[in-house]
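**Student:** Could you build the full structure based on these sequences and the hints that come with them?
Protein chains in written order, with the working numbering: chain A, 355 to 611; chain B, 336 to 721.
Each hint should be verified, as a subset may be incorrect.
Below, computed lysine-lysine pairings styled on PhoX-like, alpha-carbon distance capped at 20 Å [stated by the list, open to error]: (1) A:LYS494 <-> B:LYS342; (2) A:LYS497 <-> B:LYS342; (3) B:LYS501 <-> B:LYS520.
Calculated from the model, a selection of chain A residues having no Cβ within reach of chain B, i.e. all distances over 12 Å [stated by the list, open to error]: (4) ILE374; (5) ARG379; (6) ALA390; (7) THR391; (8) VAL392; (9) ASP399; (10) GLU404; (11) GLU433; (12) LYS494; (13) ARG508; (14) SER517; (15) HIS548; (16) GLU556; (17) MET563; (18) ARG577; (19) VAL592.
Worth flagging that the hints you see were computed from the coordinates, not collected in a lab. Quick reminder that beta carbons are idealized off the backbone N, C-alpha and C, glycines included.
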Amino acid sequence: MTTLAPSVSAIAPEGNTRRIAVRCRSVIKNYGVGNATVRALRGVDLDVFEGELLMLVGPSGCGKTTLISVIAGVLDRDEGDCQVYGKDFSALSSGQRTRFRGQTIGFVFQSFNLIPTLTIAENVSVPLLLNGVSRNAALKKAKDMLAVVGLGDRVNEAPNRLSGGQQQRVAISRALVHDPKLIVCDEPTSALDHETGHKVMELLRGVAMSGNRSLIVVTHDNRIFNFADRIAHMDDGVVDKVVGSAKDLYGPNMAAK
Amino acid sequence: MYLIALKMLFNDKAKFFGIVMGVTLASLVITQQGSIFTGIMTRTFGTITDMSYPDIWVMDRKVQFIDDVKPLADTKLFEVRGIEGVASAVPLYKGMIRARMDNGTFQNCNLYGLDDSSLIGGPGVMVEGRLEDLRRADSVIVDLEGAKERLAKPGPTPDSPRVPLKVGDTLELNDHRAIVVGISKGSRTFQSQPNIYTTYSRAVTFAPRERKLLSFIFVKAMPGEDVYQLCARITERTGLAAYTSDQFKLLTINYFLKYTGIPINFGIAVSLGFLVGTLITGFMFYSFTIDNLKYLGTLKAMGTGDGKLMAMIMLQALTVGVIGFGLGVGIASFFGTSMKETQLAFRLTWQLLFASGSAVVIICMLAAMLSVRKVIALEPAIVFKG
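**Tutor:** Next up, the structure:
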């Protein structure tokens, strides 16, 4: 893990040599119109580097989920610039955006979102099928991926027969199976107990970070902050602080909680 | 992805059976009621179907359907025979007659008087006896349904079953003695009354006294003659109506469609089947989609395009449609087959299958459209909302 000084810049400094995976500048997103307008993002500046695990933290309603939705291309921004590996989603057609998302981004959700009527191997094979891989090849690769996360002997089971931690491992397999460059995780440990959450983060840190892949993890769970390379703190629709560790964010006492 | 769509459908058993049930119900009601309607309509022209010999039926201009007999003067037969293009023209008597049963009750019957020499218009299928036996004195041929049911004789004891009329038995037709010389088989008619065949000359003696007794003239056209032109010529020369068999069938059907409540009654039943099927299927399918919205959103976020999601939903809808249609038609066919020997009119035609299938496709598309709308409008960002 990289240890950075407190108040690390949200954007790459002048002379930065690291490659940037996600580049957001002055991103604004509003919900609703007129008096009911909610300003979810008020001009976010943020860079995510290749090979980096960035955690997005902050109080509820601060705009974390909106920001990763914009980064992942599942939500349109109103203003500003946001590029993922040099591609601006708003410049792409709907079909191009869908394809790019399917090839480049893996998703891990808070409530796993595994399709209950499919086996876990079939669930994991979905991103491959979307990328044109044949069913048999997709299933084989899905089973291999499940073996990597320790579920190789349960490939034909339904998701609801697995524990929460196991289901999240399946979700991680699904996010990784098509080898995307960016993984977006929304509260991946909030539905899990401390030990399971820790194991899931170890898995994400160990398996998902291979191949210079970037991870953005939205979380409230300060028990997993230690897994981050950088932590971006959001408040009121902006990234107000980027730090290298939980200690830098909350002080030595809070980091241990 | 399409296999995944099907697995999502099949593995949600409760919803799957609910949707299939809706389609099956609609398909069953539409097919069954439609078949009964078609069967009844077919019976209205059963007599015309059975009397396949003539190219042209000639009748009074006011005749509206096969049982609407308006007698002609016998001289009309000779007029028709004299028209160029007519190879032969023979008379047919068709009327109602009362048969007196052995137990003293009466049964109304259809009486057909066939041309004495050619016996044209006689039943095509003889179960017992021969058509030529009509040349014997007082002879009649009775149709099988009539012989077994309405004209059957009482059993020897009050509790014993009725004894079907058979060759050699006698009947009393309008106070005239008639001997059964044959049993025929023909199409059931709309009136469901026994059919009795005899010669024209004998029929007019059996029939109640009337000034004119000729009901129809059967015309056979000369080889190569255009029957439609011949019809027009007969009408022009005699002032009578002349129709081909198909035209006469159509005239008969149109009468029943226009002047009876049959189409409305069946139309209501079929419409209800369609409506109830659409509501059940639509509601269940929409509910199935709503249940899966989170997963459809996940698929959308992971890179499934709107077109593919639409195709997946359409495939699901069509799959339940095909299964439901098959079950509905299967049950309707089983019903029809099991009722074959009863009085129930049931005729399942390919046109009806096509109509029923089309209705099912419409039901499925309507159901799918509701779901497709929801999925197209779905923001993939929903997946991050927990």
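**Student:** Taking the hints in turn, state whether each one holds.
**Tutor:** We went through each hint and held it up to the structure:
Restraint check: the Cα-Cα separation between LYS494 (chain A) and LYS342 (chain B) comes to about 18 Å, which is no more than 20 Å; the hinted pair holds. Proposed proximity of LYS497 (chain A) and LYS342 (chain B) is supported: the alpha carbons are some 19 Å apart, at most 20 Å. Annotation: proposed proximity of LYS501 (chain B) to LYS520 (chain B) holds, straight-line Cα distance about 13 Å (limit 20 Å). Taking the minimum C-beta to C-beta distance to chain B, about 23 Å, the non-interface status of ILE374 (chain A) holds against the 12 Å cut.
No Cβ of chain B approaches the Cβ of ARG379 (chain A) within 12 Å, the least distance being about 21 Å, so the stated non-interface status holds. Listed as outside the interface, ALA390 (chain A) is consistent with that label: its C-beta sits roughly 18 Å from the nearest C-beta of chain B, beyond the 12 Å cut-off. Listed as outside the interface, THR391 (chain A) is consistent with that label: its C-beta sits roughly 18 Å from the nearest C-beta of chain B, beyond the 12 Å cut-off. Look at VAL392 (chain A): its CB is around 14 Å from the nearest CB on chain B, clear of 12 Å, so calling it non-interface holds up.
Under the 12 Å C-beta cut-off, the non-interface status given to ASP399 (chain A) relative to chain B holds; the minimum distance is some 21 Å. No Cβ of chain B approaches the Cβ of GLU404 (chain A) within 12 Å, the least distance being about 21 Å, so the stated non-interface status holds. GLU433 (chain A), annotated as away from the interface, keeps every beta carbon of chain B farther than 12 Å; the closest lies near 18 Å. At roughly 15 Å from the closest C-beta of chain B, the C-beta of LYS494 (chain A) stays outside 12 Å, upholding its exclusion from the interface.
Residue placement check: ARG508 (chain A) keeps its beta carbon more than 12 Å from all beta carbons of chain B (closest about 17 Å). No beta-carbon of chain B is positioned within 12 Å of the beta-carbon of SER517 (chain A); the least distance is around 19 Å. Consistency note on HIS548 (chain A): stated as away from chain B, and its beta-carbon is indeed over 12 Å from all of that chain's, at 20 Å minimum. Distance check for GLU556 (chain A) against chain B: the nearest CB is about 24 Å away, which clears 12 Å, and the non-interface claim stands.
For MET563 (chain A), the requirement that its beta carbon stay farther than 12 Å from each beta carbon of chain B is met, with the minimum near 20 Å. Every beta carbon of chain B lies more than 12 Å from that of ARG577 (chain A), the smallest distance being close to 19 Å; the non-interface claim holds. No Cβ of chain B approaches the Cβ of VAL592 (chain A) within 12 Å, the least distance being about 19 Å, so the stated non-interface status holds.
Every hint, counting from the list given before, is met by this structure.
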